[in-house]
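Listed in order, the protein sequences are those of chains A and B. In this text, residue positions in the first sequence follow this note's numbering: the first is 442, and each later residue adds one. In this text, residue positions in the second sequence follow this note's numbering: the first is 442, and each later residue adds one.
Derived by calculation from the structure, the hints in this document are not laboratory data. Backbone N, C-alpha and C define an ideal beta-carbon position, used for all residues, glycine too. Misleading hints may appear alongside valid ones.
With a straight-line cut-off of 27 Å between C-alpha atoms, the simulated DSS-like cross-links for lysine-lysine are [as the list claims (entries may be wrong)]: (1) B/Lys579 / A/Lys818; (2) B/Lys812 / A/Lys735; (3) A/Lys586 / A/Lys628; (4) A/Lys766 / B/Lys792; (5) B/Lys766 / A/Lys747; (6) A/Lys466 / A/Lys586; (7) A/Lys761 / B/Lys747; (8) A/Lys761 / B/Lys761; (9) A/Lys744 / A/Lys766; (10) A/Lys735 / B/Lys747; (11) A/Lys744 / B/Lys818; (12) B/Lys579 / B/Lys466; (13) B/Lys579 / B/Lys603; (14) B/Lys586 / A/Lys761; (15) B/Lys818 / A/Lys818; (16) B/Lys818 / A/Lys579; (17) A/Lys818 / B/Lys735; (18) A/Lys744 / B/Lys812; (19) B/Lys735 / B/Lys761; (20) B/Lys792 / B/Lys818; (21) B/Lys481 / B/Lys586; (22) A/Lys792 / A/Lys818; (23) A/Lys762 / B/Lys481; (24) A/Lys812 / B/Lys744; (25) B/Lys762 / A/Lys818.
Example chain B residues on the side facing chain A (calculated, C-beta under 7 Å, incomplete) [unchecked claim]: (26) Leu770; (27) Ile774; (28) Ala843.
Protein chains: 2
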Amino acid sequence: MASAAPQQAAQPASAPRSKKYDPTKPHITEQPMTIHNWYKHINWINVTLILFVPLYGIIAAFWTPLQWKTAVWAVVYYFMTGLGITAGYHRLWAHSSYTATTPLKIFLAAMGGGAVEGSIRWWARDHRAHHRYTDTDKDPYSVRKGLLYSHFGWMVMKQNPKRIGRTDISDLNDDPIVVWQHRNYLKTVITMGLIFPCIVTGLGWGDWKGGFIYAGILRIFFVQQATFCVNSLAHWLGDQPFDDRNSPRDHVITALATLGEGYHNFHHEFPSDYRNAIEWHQYDPTKWTIWIWKQLGLAYDLKQFKQNEIEKGRLQQLQKKLDQKRQQLDWGIPLEQLPIIDWDAYEAEAKDGRALIAVAGVVHDVTDFIKEHPGGKALITSAIGKDATAIFNGGVYNHSNAAHNLLSTMRVGVLRGGCEVEIWKRAQRENKDISFVSD
Amino acid sequence: MASAAPQQAAQPASAPRSKKYDPTKPHITEQPMTIHNWYKHINWINVTLILFVPLYGIIAAFWTPLQWKTAVWAVVYYFMTGLGITAGYHRLWAHSSYTATTPLKIFLAAMGGGAVEGSIRWWARDHRAHHRYTDTDKDPYSVRKGLLYSHFGWMVMKQNPKRIGRTDISDLNDDPIVVWQHRNYLKTVITMGLIFPCIVTGLGWGDWKGGFIYAGILRIFFVQQATFCVNSLAHWLGDQPFDDRNSPRDHVITALATLGEGYHNFHHEFPSDYRNAIEWHQYDPTKWTIWIWKQLGLAYDLKQFKQNEIEKGRLQQLQKKLDQKRQQLDWGIPLEQLPIIDWDAYEAEAKDGRALIAVAGVVHDVTDFIKEHPGGKALITSAIGKDATAIFNGGVYNHSNAAHNLLSTMRVGVLRGGCEVEIWKRAQRENKDISFVSD
Ligand code: HEM
Ligand code: HEM
Ligand SMILES: [Fe+2]
Ligand SMILES: [Fe+2]
Ligand SMILES: [Fe+2]
Ligand SMILES: [Fe+2]
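For reference, chain A alone in the conformation it holds in the complex (with noise of 0.2 Å):
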């Protein structure tokens, strides 16, 4: 196979997951989950930094006055650290949609450890077998695996690194900012999760306990609950316009949550253009960001996707729709599937009395249609037994295509030589010369 090299290729250059972790010991979620050993099954350090300290913050906050300069730092505390994970974490360092310069890379490094998910390292390694692997066995959070999953169950519940698609890291092992962000992740996370905004909101205005609750503890709550709807609803909730093999969905109510993150369909399609959102009038708060960022000289090459290239998504995508619908509707019985009749058969049976019409060698029974033609009944019924090839089509009334369409519907037949039939059989009749072709 010549897929063996880049296989390789495609390991990555990665320290190992955990100091504790050792291939070659059973991993726990290898055995199921009892009675007995529930507990193990669980990721403790997540349930404690998902759960427990937000519930703490929501129990804290009854005895915390919130004061009016506190709830405005914690909301934009919440913007900054939200968009070090959306525009650091996501767009910089897992897609590589733009070159960040060294200050702003240290503080999406900074603001996204705030909003204590990980390290860039981690998440981002996750989040790009999420992209290579989506919906399979090998995607970290699999919406297959119900919507609670992808939320946050897979980060409550231990997962075996072994089922975790590989991917290539070697960029982010490359670089500085990354390594030294996941080699003193804790450090960073209680800084910037906890300390600095305590002190903006006690050096500022001497809220030290509310900084601590509000603009730290809830807040990371809040930013959390936010960025991991990318993984749940972003692909349950919403349309699908550039592919619809996987789930990633575009819904507006993701992006309002998720600071933009909410066109999903197309971020998966096409991962390594900034923007997520694509229309002047959709909300990607991210997006302008960093187009801000790049006015400002602070980011450089934001990659795009060529206009063509997404809307030949589109278009597929659109033709892919209409495909499917066609097939639920009745286009007539094929031509290949009808009787061959003769000519004069036709002729005689329609003398008969059936209410057959030849039009382009296809013969038509209209008995039921008389009555409702939109052109009358004289008209029609004057067709009878004729080749009303050009009568249909110009020669008293150019039928719309909603009339072809009926046509095919009532299809009976296809005459023996096709549709000129008629005129060469007479042709024959009163010119004996004529050459008479038959097959």
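Since the structure of chain A is already known, use the hints to place chain B with the ligands on it.
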């Protein structure tokens, strides 16, 4: 020509179009309009009915107080006479889209008369010509001659009766109500257009003059202008979901103005359907009214085109639009226009440093794409000079439709022998026994 006989059948068994009309003398429209003969080109009867009388009504309205009862009655009578045209003249008599009992027919002939738009017989004859010869010179109110012409220009200016397409109106000549109304047209107009609405307000609440001006003259003006929109606006504003060869269009504004006749693209395609709007949420009070008459036993045999035929028309129109779009996009150089390259030449050129990748027998130049490849530089580079058919199609990654499209824009040549060449060549090199097919 086989069409000779039906052409004859299509001749209307028509009464002379006007007492004064003599087909042997040249018609006024055959002479160019000059400063001396312009007034002969004007149809003064119509100008009086359509413009002068309403003008008088508008002026008289300044001296005529509007009572609210009279206003309500004017609106009610507007709808009744409007339905006389849409449900009567148009859908019943011009298109036979349903059958009406005698009482309903008498009601519709009276109401339609009250709208002052000509007799049923005259109106339906022109309307059938409009459908049969839409947009051509034989169309009595072709929009191709201008929006204003199609609105009322065709009535204001004298028309050459020879120009207007012939249609079969034998069914109308067999209808005693139609014939009676045609013979007694002036009486009908004066009775139903002016006297009757005036009697209602006069005997009802003593407002003789208000009834005459508002429920009579001005109401006539509004009904006329509204129904004229079917010939102008409906051929000018909106979408063409079923056929775009001719001018008819669908638009909700036209529907609102015309008691539901605004789905005119549908109507021209399916003229004998008693509906103009096919969706429940579209505005078609004429359809609703006919349906109610059916429930009351006043109308029966409501004709509908099969949903299958309607969907076929819609689908074909969508297909047509898609095909037009397809033509505007770049799909790469067609295979038959590409040079044929030998496998060895391909391998050699790739070794020489040109970034060529063969997929499915076609050679692609990916030079400009390597750094943009969403799957990374390493993977795509590894395929240079190889047959990448299998790795591109799932061996490493099952590329999306978008990737296939993009690939086709990079075509530079076709491999002699097709896509299996590499395997065959290798087999040949390794085992000289294998038979090798070359063209
Ligand atoms: C053989 C089967 C026929 C079918 C299925 C058929 C179908 C139709 C349909 C659906 C229309 C509505 C307008 C349109 O869709 O274009 C129509 C109109 C018409 N048909 Fe036919 N037709 C048939 C045969 C004929 C023949 C043989 C003649 C003439 C000899 C004829 C003359 C007309 C005319 C003059 C109209 C125009 C009516 C109008 O728009 O006012 N048709 N026909
Ligand atoms: C020959 C020209 C190639 C083109 C035009 C191309 C194009 C693309 C495109 C457009 C994508 C984005 C996802 C998608 O649309 O499916 C993609 C992703 C990918 N490509 Fe290629 N590719 C090429 C060659 C290759 C080769 C030779 C390999 C492997 C040896 C490869 C491996 C991948 C992988 C693994 C991804 C997944 C990246 C992800 O979704 O994270 N590609 N490619
Ligand atoms: Fe996704
Ligand atoms: Fe992504
Ligand atoms: Fe029309
Ligand atoms: Fe019509």
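Checked hints:
Taking the CA atoms of lysine 579 of chain B and lysine 818 of chain A, the gap is about 22 Å. The hint holds against a cut of 27 Å. Taken as a hint, the lysine 812 of chain B and lysine 735 of chain A pair is honoured in the structure, with Cα atoms around 19 Å apart against an allowance of 27 Å. The hinted pair formed by lysine 586 of chain A and lysine 628 of chain A fails the criterion: a straight-line CA distance of about 33 Å is larger than 27 Å. A hinted pair counts as satisfied when its Cα atoms are at most 27 Å apart, and lysine 766 of chain A with lysine 792 of chain B does not qualify at roughly 48 Å.
Restraint check for lysine 766 of chain B and lysine 747 of chain A: the C-alpha separation of about 16 Å stays at or below 27 Å, so the hint holds. Proposed proximity of lysine 466 of chain A and lysine 586 of chain A is supported: the alpha carbons are some 26 Å apart, at most 27 Å. With a C-alpha separation of about 24 Å, the suggested pair lysine 761 of chain A and lysine 747 of chain B falls inside the 27 Å cut-off, and the hint holds. This hinted pair checks out: lysine 761 of chain A and lysine 761 of chain B have alpha carbons roughly 14 Å apart, not beyond 27 Å.
With a CA separation close to 36 Å, the supplied pair lysine 744 of chain A and lysine 766 of chain A exceeds the 27 Å bound. A distance of roughly 57 Å separates the Cα atoms of lysine 735 of chain A and lysine 747 of chain B; the hinted pair therefore is violated under the 27 Å criterion. With a CA separation close to 15 Å, the supplied pair lysine 744 of chain A and lysine 818 of chain B stays within the 27 Å bound. Restraint check for lysine 579 of chain B and lysine 466 of chain B: satisfied, since their Cα atoms lie roughly 20 Å apart, inside the 27 Å limit.
Taken as a hint, the lysine 579 of chain B and lysine 603 of chain B pair is honoured in the structure, with Cα atoms around 9 Å apart against an allowance of 27 Å. For the given pair, lysine 586 of chain B sits about 40 Å from lysine 761 of chain A by alpha-carbon distance, which is inconsistent with the 27 Å threshold. The suggested pairing of lysine 818 of chain B with lysine 818 of chain A is violated, with an alpha-carbon distance near 71 Å, which exceeds 27 Å. Annotation: proposed proximity of lysine 818 of chain B to lysine 579 of chain A holds, straight-line Cα distance about 22 Å (limit 27 Å).
A hinted pair counts as satisfied when its Cα atoms are at most 27 Å apart, and lysine 818 of chain A with lysine 735 of chain B qualifies at roughly 24 Å. Among the hinted pairs, lysine 744 of chain A with lysine 812 of chain B is consistent with the structure: their alpha-carbon atoms are about 11 Å apart, no more than 27 Å. A C-alpha spacing of about 38 Å is found between lysine 735 of chain B and lysine 761 of chain B, which places the hinted pair above 27 Å, so the restraint is violated. As the CA atoms of lysine 792 of chain B and lysine 818 of chain B are separated by approximately 17 Å, the hinted pair is consistent with the 27 Å bound.
Distance check on the hinted pair: lysine 481 of chain B and lysine 586 of chain B sit about 20 Å apart at the alpha-carbon level, within 27 Å; holds. Between the alpha carbons of lysine 792 of chain A and lysine 818 of chain A the distance comes to roughly 17 Å, so the proposed pair stays at or under 27 Å and holds. For the suggested pair lysine 762 of chain A and lysine 481 of chain B, the alpha carbons sit about 58 Å apart, so the restraint of at most 27 Å is broken. A distance of roughly 11 Å separates the Cα atoms of lysine 812 of chain A and lysine 744 of chain B; the hinted pair therefore holds under the 27 Å criterion.
Between the alpha carbons of lysine 762 of chain B and lysine 818 of chain A the distance comes to roughly 35 Å, so the proposed pair goes past 27 Å and is violated. For leucine 770 of chain B, the shortest C-beta to C-beta distance to chain A is roughly 5 Å, which falls under 7 Å, so the interface hint holds. With a least beta-carbon distance of about 14 Å to chain A, the hint placing isoleucine 774 of chain B at the interface is violated under the 7 Å criterion. With a least beta-carbon distance of about 5 Å to chain A, the hint placing alanine 843 of chain B at the interface is held under the 7 Å criterion.
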